[in-house]
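Engineer: Build the full structure now, drawing on both the sequences and the hints.
Protein chains in written order, with our numbering: chain E, 193 to 582; chain S, 137 to 524.
It cannot be assumed that every hint is accurate.
[Said to hold, decoys possible] To be clear about the criterion: a stretch of chain S counts as covered by chain E if any three or more of its residues have a C-beta under 8 Å from a C-beta of chain E, and this derived list gives those stretches:
{"#": "1", "segment": "303-316"}
{"#": "2", "segment": "323-335"}
{"#": "3", "segment": "351-364"}
{"#": "4", "segment": "397-403"}
[Said to hold, decoys possible] Straight-line C-alpha distance at most 27 Å; calculated DSSO-like pairs for lysine-lysine:
{"#": "5", "chain 1": "S", "residue 1": "235", "chain 2": "E", "residue 2": "417"}
{"#": "6", "chain 1": "E", "residue 1": "350", "chain 2": "S", "residue 2": "292"}
{"#": "7", "chain 1": "E", "residue 1": "417", "chain 2": "S", "residue 2": "274"}
{"#": "8", "chain 1": "S", "residue 1": "496", "chain 2": "E", "residue 2": "454"}
{"#": "9", "chain 1": "E", "residue 1": "531", "chain 2": "E", "residue 2": "264"}
Don't read these hints as lab results, they were simulated from the structure. The C-beta atom is built at its ideal place from N, Cα and C for all residues, glycine as well.
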Amino acid sequence: MAAHSTLLSVSKFINPVWGGRLGNTVKVLGTSLPSHRSSSRLAPPPAKYGGRHTVTLIPGDGIGPELLSHVKEVFRFSCVPVDFEVVQVNSALESEDDINNAITAIRRNGVALKGNIETKHTLPPSVKSRNNVLRTSLDLYANVMHCQSLPGVQTRHKNIDIMIIRENTEGEYSNLEHENVPGVVESLKIITRNNSLRIADYAFQLAREKGRRRVTAVHKANIMKLGDGLFLQCCREVASGYPDITFDSMIVDNTTMQLVSKPQQFDVMVMPNLYGNVVSNVCAGLVGGPGLVPGANYGRDYAVFETATRNTGKSIAGKNIANPTAMLLAGCMMLDHLKLYDYATLMRNAVLTTMNETRLHTADLGGQGTTLEVVQSIMRMIQSKGQLTA
Amino acid sequence: MAGQAWRSAIVNLLRKLGLSINGENIIKPEKVPRLVGALKNEAAQSKNFIRGMKTVTLIPGDGIGPEISTAVMKIFEAAKAPIQWEERNVTAIKGPGGKWMIPLDAKESMDKNKIGLKGPLKTPIAAGHPSMNLLLRKTFDLYANVRPCVSIEGYKTPYTDVNLVTIRENTEGEYSGIEHVIVDGVVQSIKLITEQASERIAEYAFEYARNNQRASVTAVHKANIMRMSDGLFLRKCREAAEKHKAVKFTEMYLDTVCLNMVQDPTQFDVLVMPNLYGDILSDLCAGLIGGLGVTPSGNIGANGVAIFESVHGTAPDIAGKDMANPTALLLSAVMMLRHMGLHGHAKNIETACFDTIRDKKVLTGDLGGTSKCSEFTEAISQRVRDMD
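Structural biologist: In structure tokens:
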């Protein structure tokens, strides 16, 4: 136990100094450390003030605020030692102060739970997407999504179990656009060796950690020969260091075709930003919709949790019909990250039992339950486990 | 007819009419247009009046291309469609100035006929020239790729009742091919969106919707992230929507479309989008109805040129073995007939094809049967003949 914690503190010491610059060297050292957390994720901030963690909460727009308030309620009910620091971000304003406050808060706390912030088209193009600004400022380079078929949800395809790892900071989302000649707009897609190596490494380490057999890189290198070619090359390089895991690649249009006909063939998938957007939404649709899958954004020092498909859900906001599952499961992922495993398991079991056994479904799954009913059912299930509740 | 044959036809016509040019019998190429102009009305009218046939350039392609082209020709003959086929081959040749181009006779034929049907073309690796599809696209400025995706009754997929059309901008966007290595380890790819191309594709999408009685057009974009480029595309779509008030216009983010497409594809009608999203979405929709072996596709170009094609590969492993499935090329040919206004014949051939597949008695290997390509073709031809 002591050896384990010394090794962890040694790794904490090495990582900030050498960071990404020595690339694979540090990772090689990292993989030899016995740890059930990937070494590319730093240990969570230590709980202060009486053993309670502080987590930044960004309500966002649409259904974000109501779902996050349900999460807060469930946490409070289960006596989870987490306090939320709420930071409002107003998407209608042009100034960046709000999002900068949020970023500072996350730097302070290290962990956040957020709803999606809307990008208003009425504002000039110089106003970037707030979600994107958050991800790039905090260098949350890996977006991880785990799509699993749930037994209680009726879908066209069964037995899906895919992990999607998506590069989260560069690629098509670099926000570099200009209009040199009126009527001709250029948008730059940036692919760098460092980031590609980093995300490939993250993917393989996660695959090894979870006992996965195969990693598929999704790309369009037949057309974008240099850009996606570089990404593919980096993946191959990293793959050679993991001989126990099979590596293959697939072109993105073929991938989507395969996903809608035979999704069971995929195991772990790694890809650049835009293709990640498409593939993660297709997979979320295959397992039952945007209300079911949680997503996590990991950086070296910070972690932000949200729903996987990042929808604002403006059309269903305030009507008590949104599905709270995705946000609650995101909360569970956050608890896992904070090493509060017992609470995480308790909540996750309650959510999945409600989904699969009682079959209390919200409208998006074809049921008649309201958000409040589902949340109450979950809280009843938590209470019935006999643990301390509020 | 190729250039040479055309000129000799004119010489013969002149001789018949007792004319000659300066006593010469050899017509110079520059003089031909003048002659053609002088004889144009008579020639054109007489041609249509006598035959009523429309000439279409046929590019059989490689691999299974020739077999499926023959199948289509046979079915068209059985349906008594007024189509005359002009076969051409396209292989890249180096023109003057070192630029790669398609053979001249193919280009002339297309320019004259305006309508073409193309089988799968193979792209040899390391041949030094760009893909044939790219060459064709550049030569004829094929700016719109249209893929109607309709569920085929009898070919079961987890998705039924799919009935949508994807219209994809085919010339610019992410596939502009402009890439640079900035410094070692940093690559930049440029996505180009121009006002002109966006306007053109938006106009085409609404026109298509109007001509084919489709109720709505949805623009697919990612303007929340790519504010300027997709913003420009979206603006042009909105402007085109203003001019076509009869068709409903909506806009949707790419991720929302993907999410909803796999849950409920019936909510979509016509989708218009830039190049990359179009590539991914059109293949996604093809996957919904059963794959590239049953999906038709058409490319619309400037100057009224339209090339309809099958989008599957050349399948060299089954080439020449009479195992190929001609459905994709056949449905593309049906699309071509509709484009030319021959709706009656189009309906007959399409119904015959779908009925044969629904019957499940004669199906090729990829559709789940054991019949040969020729048997499948014969079954469809028989049905078409019985319809008259």
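Engineer: Three or more residues of the segment 351-364 of chain S near chain E by CB distance under 8 Å?
Structural biologist: holds (count 7)
Engineer: Taking 27 Å as the top limit, are the C-alpha atoms of residue 496 of chain S and residue 454 of chain E close enough?
Structural biologist: holds, 23 Å
Engineer: Residue 417 of chain E and residue 274 of chain S were given as a pair; does the straight-line alpha-carbon distance stay at or below 27 Å?
Structural biologist: Status holds; Cα separation ~19 Å.
Engineer: Quickly compare the C-alpha distance for residue 235 of chain S and residue 417 of chain E to 27 Å and report which way the hint goes.
Structural biologist: holds, 21 Å
Engineer: So is the segment 303-316 of chain S in contact with chain E by the C-beta rule, three or more residues under 8 Å, or is the coverage claim wrong?
Structural biologist: holds (count 5)
Engineer: Given that the segment 397-403 of chain S was listed as covered by chain E, double-check it with a C-beta distance under 8 Å for 3 or more residues.
Structural biologist: Satisfied; 3 residues make the cut.
Engineer: Quickly compare the C-alpha distance for residue 350 of chain E and residue 292 of chain S to 27 Å and report which way the hint goes.
Structural biologist: Between residue 350 of chain E and residue 292 of chain S the Cα gap is close to 17 Å, so the pair holds against 27 Å.
Engineer: Closer than 8 Å Cβ to Cβ for three or more residues is the test here. Does the segment 323-335 of chain S pass it with chain E?
Structural biologist: Since 10 is at least three, the answer is holds.
Engineer: Is the Cα-Cα distance between residue 531 of chain E and residue 264 of chain E 27 Å or less?
Structural biologist: holds, 18 Å
Comparing the model with each numbered hint stated earlier shows that all of them hold.
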